[in-house]
Amino acid sequence: MVAAPLGLSALTPAALRRLRMRAWLLGLSALLVASIIVAVTIGPADIGAGDVWAVIGHKLGLLSRSPVSILHEGIVWELRLPRVLAAAAVGAGLAICGATMQALTRNPLADPYLLGLSSGASVGAVAMMLVGATVLLPVGAFLGALAAMAMTLGLARSLGAITASRAILAGLAVSALASALTSFLIFWTATGDSYREILSWLMGSLAGSRWSDATLALVAFAVVGVPLMASSRILDGFVFGDTAARALGIDVAKTRWLMLGATALLTGVLVAISGAIGFVGLILPHAVRLVAGGRHQHLLPLAALAGAIFMVWTDTAARTLFDPRELPVGIVTAMIGAPAFFLILLHNRRAT
Amino acid sequence: MSLSIAHASLVIEGRAILADVGFALAPGKLNALIGPNGAGKSTLLRVILGLEPAARAHVTFAGEDFHALPRRTRAQMAALVEQSNSTDQPIDVHDVVMLGRLPHQGVWSADTQDADETIVARALERVGMSKFAHRRFSTLSGGEQQRVHIARALAQQPKLILLDEPTNHLDIAAQIAVMNILRSLAEEGLTILVTMHDLNLTAAWFDHIVALDRGRVVAEGEPAAVIDSGFLADVYGVAATIIANPTSGRPMIAYGPQ
Numbered sequence: 001m002v003a004a005p006l007g008l009s010a011l012t013p014a015a016l017r018r019l020r021m022r023a024w025l026l027g028l029s030a031l032l033v034a035s036i037i038v039a040v041t042i043g044p045a046d047i048g049a050g051d052v053w054a055v056i057g058h059k060l061g062l063l064s065r066s067p068v069s070i071l072h073e074g075i076v077w078e079l080r081l082p083r084v085l086a087a088a089a090v091g092a093g094l095a096i097c098g099a100t101m102q103a104l105t106r107n108p109l110a111d112p113y114l115l116g117l118s119s120g121a122s123v124g125a126v127a128m129m130l131v132g133a134t135v136l137l138p139v140g141a142f143l144g145a146l147a148a149m150a151m152t153l154g155l156a157r158s159l160g161a162i163t164a165s166r167a168i169l170a171g172l173a174v175s176a177l178a179s180a181l182t183s184f185l186i187f188w189t190a191t192g193d194s195y196r197e198i199l200s201w202l203m204g205s206l207a208g209s210r211w212s213d214a215t216l217a218l219v220a221f222a223v224v225g226v227p228l229m230a231s232s233r234i235l236d237g238f239v240f241g242d243t244a245a246r247a248l249g250i251d252v253a254k255t256r257w258l259m260l261g262a263t264a265l266l267t268g269v270l271v272a273i274s275g276a277i278g279f280v281g282l283i284l285p286h287a288v289r290l291v292a293g294g295r296h297q298h299l300l301p302l303a304a305l306a307g308a309i310f311m312v313w314t315d316t317a318a319r320t321l322f323d324p325r326e327l328p329v330g331i332v333t334a335m336i337g338a339p340a341f342f343l344i345l346l347h348n349r350r351a352t
Numbered sequence: 001m002s003l004s005i006a007h008a009s010l011v012i013e014g015r016a017i018l019a020d021v022g023f024a025l026a027p028g029k030l031n032a033l034i035g036p037n038g039a040g041k042s043t044l045l046r047v048i049l050g051l052e053p054a055a056r057a058h059v060t061f062a063g064e065d066f067h068a069l070p071r072r073t074r075a076q077m078a079a080l081v082e083q084s085n086s087t088d089q090p091i092d093v094h095d096v097v098m099l100g101r102l103p104h105q106g107v108w109s110a111d112t113q114d115a116d117e118t119i120v121a122r123a124l125e126r127v128g129m130s131k132f133a134h135r136r137f138s139t140l141s142g143g144e145q146q147r148v149h150i151a152r153a154l155a156q157q158p159k160l161i162l163l164d165e166p167t168n169h170l171d172i173a174a175q176i177a178v179m180n181i182l183r184s185l186a187e188e189g190l191t192i193l194v195t196m197h198d199l200n201l202t203a204a205w206f207d208h209i210v211a212l213d214r215g216r217v218v219a220e221g222e223p224a225a226v227i228d229s230g231f232l233a234d235v236y237g238v239a240a241t242i243i244a245n246p247t248s249g250r251p252m253i254a255y256g257p258q
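First to last, the protein sequences are chains B and Y. Its first residue numbered 1, the first sequence is counted upward by one per residue in UniProt numbering. Its first residue numbered 1, the second sequence is counted upward by one per residue in UniProt numbering.
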């Protein structure tokens, strides 16, 4: 027997696909790191990529002396880096939440924002803020997201089988109520600039993110997002519906509530940090599906990376486009996301 | 391995969907479940597999109390092929068949193993769909999708396969292709139960028939013992003449406008 030539042609389609998947993971990871470094350099103060590496190296104890001025070091380490990392974690988390919800509800339009979870989380977070329990902000946001999800799905179910359009309509109602509540709570108790405050909760904003925010977002992603990615194969089992999933040995009810509960938790924590940023959970999973197909084991990690890159750049745009004024980042994501939503609607005519 | 069902009952909103259904099936034979629309055929398949929480039934498979087994063990032993089940998801044929490996792998496993790939490749070959492995599932015809679902069921490496109207909406060549696959599986010793609407197809291919009407077993036996004009009049309310199939001698239903 002649030995098979060592080339791509010698690989089985499955092995080839594994290779392609690894290339995507590696490529997007590299792109994310590059995006984070470049995004930190962008802004009014003139900072180069080399300076960013030097500050990180110095802070991590790899460099004994920083060649960067104390002012620039402060800008990189105290202002820009935590904000960019918070943006990356929020984007990654929202993308995973969207992909998971789309699979579990068999609804191509599912997303934490469109189903009202984000607005519900805002109410919970603002309520905690008003009673002075700022430490409990993420807990309030989680409870708000959970309540909103229960209301949306409960309302959709009471209309009959939960179709994509029923879920969206129910989400719209819940979202409208929650947004009104958030606005009312802030307006009622506000002492300062209540309009800006309301806008940053309803549209989402990463302005003023500190290390505490970045750490919380990264921890939430590690504690909730990573296990979701690790168990993503089970989501494949839902492709042909609940009965088919059950026949494959999946405990459908337990899996659905556990995983949807996890998305509510992750959404809640992220909203507590950034407010309700829309469309990230909707469009990134769809974009990734176009290149990586529908297997969730590939979809979730790639959507997380894509979501992180997307948020890093949209937030950079939000803080620099109209410098020195800032846009809430949710305006930028909606400007990109809403037209993409139209396309997804058209593409899924039959499913809605 | 033989399958026996006893006292299968399901009441939904005061209406009896299944009422004390019981029968036993031998392996190595093609068993059909027939009956009018709404007789409870599809429901019974789900009840047998333990997928209807509200149902009561005693199911014994291979001498074991089937419903007492953990759900994953059940999915390793028994597979279900639902009626024309499609999806809008961009999923490849290969990945649909790989779903059949889920009960064997568990969800935390990192990626599919070579052994799983071999099993998937064999299952696709078995149903003649190897060439379609990397096509999008949603682009296939109904008959092709049905064969992929059968391959997915085979990838579960089950001892029992239940199929819900696998020949529905298929042209005659596709029907024969599906029936040939089912027959060869029965000959290998699998236990097979298939719900069927086309009585002529049923009479021509199956060894054993269980007839269900309004949730009860009303007839059971080989085709010639079940399908006669009295049965058609009682169960379907149809006047028809039974003639012998000129090629096989099996019963054939002849009917005209009524």
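I should point out that these hints are in silico values taken from the structure, not numbers from a laboratory. All values derive from a computational prediction rather than experimental measurement. All C-beta atoms in this analysis are idealised placements derived from N, C-alpha and C, irrespective of residue type, glycine included. Treat the hints with care, since some could be wrong.
[Claimed, not checked] Pair by pair, the computed Cβ-Cβ distance ranges are:
{"hint": "1", "chain 1": "B", "residue 1": "Pro13", "chain 2": "Y", "residue 2": "Asn37", "range": "51 to 59 angstroms"}
{"hint": "2", "chain 1": "Y", "residue 1": "Gly38", "chain 2": "B", "residue 2": "Leu26", "range": "34 to 42 angstroms"}
{"hint": "3", "chain 1": "Y", "residue 1": "Thr73", "chain 2": "B", "residue 2": "Leu321", "range": "54 to 62 angstroms"}
{"hint": "4", "chain 1": "B", "residue 1": "Arg20", "chain 2": "Y", "residue 2": "Tyr236", "range": "35 to 43 angstroms"}
{"hint": "5", "chain 1": "Y", "residue 1": "Ser184", "chain 2": "B", "residue 2": "Gly27", "range": "56 to 64 angstroms"}
[Unchecked claim] To give a feel for the contact side, a few chain B residues facing chain Y, derived at Cβ under 8 angstroms:
{"hint": "6", "residue": "Ala14"}
{"hint": "7", "residue": "Thr41"}
{"hint": "8", "residue": "Pro108"}
{"hint": "9", "residue": "Ser194"}
{"hint": "10", "residue": "Tyr195"}
{"hint": "11", "residue": "Arg196"}
{"hint": "12", "residue": "Glu197"}
{"hint": "13", "residue": "Arg233"}
{"hint": "14", "residue": "Gly237"}
{"hint": "15", "residue": "Arg246"}
{"hint": "16", "residue": "Leu248"}
{"hint": "17", "residue": "Gly249"}
{"hint": "18", "residue": "Ala287"}
{"hint": "19", "residue": "Pro324"}
{"hint": "20", "residue": "Arg325"}
{"hint": "21", "residue": "Ala334"}
Contradicted hints - numbers only
The structure breaks hints 1, 2, 4, 5, 7, 9, 10, 11, 12, 18, 19, 20 and 21; every other hint is satisfied.
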